[in-house]
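Colleague: Chains as they are written, first to last, in this note's numbering: chain A, 1 to 287; chain B, 1 to 287.
By construction, these hints were calculated from the structure, which means they are not laboratory data.
Keep in mind it's a predicted model, so treat the numbers as computed, not measured.
Be careful, since some hints might not be right.
Identical chains share a label here; the pair holds if one copy fits it or two copies do between them.
[Said to hold, decoys possible] Below, computed lysine-lysine pairings styled on DSSO-like, alpha-carbon distance capped at 30 Å:
| id | residue 1 | residue 2 |
| --- | --- | --- |
| 1 | K99 | K124 |
| 2 | K124 | K238 |
| 3 | K9 | K238 |
| 4 | K124 | K9 |
| 5 | K238 | K140 |
| 6 | K238 | K99 |
Protein chains: 2
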Amino acid sequence: MQARNDAVKALVQQALDAVLAGFPGGELRDAMAYAVTGGKRIRAFLVMESARLHGVSDLTALPVAAAVEALHAYSLVHDDLPAMDDDDLRRGQPTVHVKWSEATAILAGDALQSLAFELLTHDKIGDAAARLRLIRAFAKAVGAEGMVWGQALDIAAEVAPEPLDLDAITQLQGGKTGALIRFAATAGPLIADADPAPLDRYAQALGLAFQIADDILDVTGSEDVTGKRVGKDDAAGKATFVSLLGLQGARDRAQALVTDAESALLPYGEAAGNLRELARFVIERDT
Amino acid sequence: MQARNDAVKALVQQALDAVLAGFPGGELRDAMAYAVTGGKRIRAFLVMESARLHGVSDLTALPVAAAVEALHAYSLVHDDLPAMDDDDLRRGQPTVHVKWSEATAILAGDALQSLAFELLTHDKIGDAAARLRLIRAFAKAVGAEGMVWGQALDIAAEVAPEPLDLDAITQLQGGKTGALIRFAATAGPLIADADPAPLDRYAQALGLAFQIADDILDVTGSEDVTGKRVGKDDAAGKATFVSLLGLQGARDRAQALVTDAESALLPYGEAAGNLRELARFVIERDT
Numbered sequence: 001m002q003a004r005n006d007a008v009k010a011l012v013q014q015a016l017d018a019v020l021a022g023f024p025g026g027e028l029r030d031a032m033a034y035a036v037t038g039g040k041r042i043r044a045f046l047v048m049e050s051a052r053l054h055g056v057s058d059l060t061a062l063p064v065a066a067a068v069e070a071l072h073a074y075s076l077v078h079d080d081l082p083a084m085d086d087d088d089l090r091r092g093q094p095t096v097h098v099k100w101s102e103a104t105a106i107l108a109g110d111a112l113q114s115l116a117f118e119l120l121t122h123d124k125i126g127d128a129a130a131r132l133r134l135i136r137a138f139a140k141a142v143g144a145e146g147m148v149w150g151q152a153l154d155i156a157a158e159v160a161p162e163p164l165d166l167d168a169i170t171q172l173q174g175g176k177t178g179a180l181i182r183f184a185a186t187a188g189p190l191i192a193d194a195d196p197a198p199l200d201r202y203a204q205a206l207g208l209a210f211q212i213a214d215d216i217l218d219v220t221g222s223e224d225v226t227g228k229r230v231g232k233d234d235a236a237g238k239a240t241f242v243s244l245l246g247l248q249g250a251r252d253r254a255q256a257l258v259t260d261a262e263s264a265l266l267p268y269g270e271a272a273g274n275l276r277e278l279a280r281f282v283i284e285r286d287t
Numbered sequence: 001m002q003a004r005n006d007a008v009k010a011l012v013q014q015a016l017d018a019v020l021a022g023f024p025g026g027e028l029r030d031a032m033a034y035a036v037t038g039g040k041r042i043r044a045f046l047v048m049e050s051a052r053l054h055g056v057s058d059l060t061a062l063p064v065a066a067a068v069e070a071l072h073a074y075s076l077v078h079d080d081l082p083a084m085d086d087d088d089l090r091r092g093q094p095t096v097h098v099k100w101s102e103a104t105a106i107l108a109g110d111a112l113q114s115l116a117f118e119l120l121t122h123d124k125i126g127d128a129a130a131r132l133r134l135i136r137a138f139a140k141a142v143g144a145e146g147m148v149w150g151q152a153l154d155i156a157a158e159v160a161p162e163p164l165d166l167d168a169i170t171q172l173q174g175g176k177t178g179a180l181i182r183f184a185a186t187a188g189p190l191i192a193d194a195d196p197a198p199l200d201r202y203a204q205a206l207g208l209a210f211q212i213a214d215d216i217l218d219v220t221g222s223e224d225v226t227g228k229r230v231g232k233d234d235a236a237g238k239a240t241f242v243s244l245l246g247l248q249g250a251r252d253r254a255q256a257l258v259t260d261a262e263s264a265l266l267p268y269g270e271a272a273g274n275l276r277e278l279a280r281f282v283i284e285r286d287t
C-alpha cells in the first residue's frame, strides 16, 4: 500500500500544481497552492484504487483524485476559520487565515471548490455521461445534503443545550466526512458505470472508523505527531465517539467497522488488498 | 422586457424553491433560501434570453438560470462577510451573517456554490456534451481566473498603497462581476453549440456598464431605494469609475458601453429587443 500511496501522492500533487500554474499569480493562487499541499491523500488513494478495481486507468482517474483533494482542501480551509472551528495549525503549519487573512482563506476555499468541479470536466476522464455522473454525485456529496450539511450540524451542536447522542453524531459525521469519502471510493464504478454498492458499503464503514480514530487521536495523540491541536473537542465539551462510548468502546467500534469494511471488499478478492490495508491503517495511524 | 423579466423571476424562484425543498431542513437550508430570494435576476434573464435567441426552450434553460442565480447569491453572502466587504444590509434586509451567524453565512455560501453545479447537471438541459460545456465554462467563470480572482483583487486593492488605475479596475471588474455575466449571456450558444462571440461582446460591455452604474449609484443613490449601504467606496477611499473618470465621465463611458452592447446584438435583429432594453436599463436604474 505504501508504494502505491506514494505514487498517488506524487501524481495528485503534480496534477494540482499543473492546474494551479494556469491561474493568474498572486495571493489567491499562493493560498490555494499552500492549502492543497501535503496531507495523507486518503481520498485520492480511494479514487485511484476504486478506479483500478474497475479497470479504469490511473490517467483517467487522476483528475477525479485531484478534484477530491481540492475539495477536501477547501473544506479544511473554511473549517479552520475563526467563525468555524478556529484552528491556527494544520498539518503542522499555520492555517491559511493565519498565514494570509480571513478574506484570502474564504476566497481560496471558494476557488478550490470551483476548481474541483472544473477538474471533473476533464476530457481524460472519458465519455461525457461518465463525467456527468461524477459531477452530479460529487455535488450531492459536498453540498447541503452532504459535507456542508454535516459541518452545519457540527456548528449547531456547539451551541446546543445538550450534547449529541450516538445516532446524531453518526449522522453528522456521515455528512461531514463520510459523504466525500463515499464519493471517492465509488468513483471507479461511477466512471465504469458499474454497481457502486460494495465500495459504498466499504466507504461508509471506513469513513466512520476514520472519524472514530480521529476522536481517539484527539484524546491520545500529540500535537507534534498529528500536526494539529489536540484535546480541543474535550475542552469544548463536544460529544465525540470517545465521550459517548469511552476510549475502549470507541476502539472496539472502530475495529468492528474495519471488519465490516474488509468484508464489503470480498467480491473484489485479492485485488482489493490495498483497500483492506487502508481500512486497517485508518484505525492504527498516529496522525 | 418587464413582462418577460417578471416571468423569468417567477420561474427561477420556483426552480430554486423546489430544489431547496429536497434538502434536509434547518438553519443551513433556511439561510440558503433567504439568500436566493429576491434580487433583480439580471443574470437569469440573460440566460433565458440568450437561450431563446438560439432556439433553446425556457424549460431547457431554466436550470442554468437557477444555477447562475444560486452562484450569484453565494458570492453576495460571502462578499458581505465581516472579513470581506462587511455589509449588514442587502436588498433592504439584514445580510445572512447578521441574521444568523458568520459560520452559517460561510456554509450557506459554500452549499449554494455546490448547488449551482448540481443544477447544471440537470437532465432537462439536454445532451451530456452540452451540459459539460456549460459546467466547464461556469467553473472557469466563477473560480480563480474569474469571479473569485476579481474579488481577491478587490480585497487586495483595499490595502494597496496606491488606488487602482482605470486598467486595473477594469480588469478587476471583468473578473468580479463580468465573468458570471458573460457566462450567463453566452449560455444559449453554449447549449446550442453555436458561436458565442456576439453575445460575449454584448456581455462584456454590459457587465462593465453595470459596474460603472453601480459606482454611480454608490455616489448618487439612496439606501431606501438601493436596499444597500451607499457611499461606502468613497468612505473607504477606494478607486471607482467615478473617482477615476468623474461623475459625468463615468456616465459618458457607461453610455458608450451600452451603445457597443447594442451594436453587438445586430446579428440577432429584432429578436434581441429584450437584451437591448436590458442594456439601457442597467445604466438608467436607480437600484
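Colleague: Could you tell me which of the hints above the structure violates, numbers in ascending order?
Modeller: Violated hints (numbers, rising): 1, 2 and 3; every other hint is consistent with the structure.
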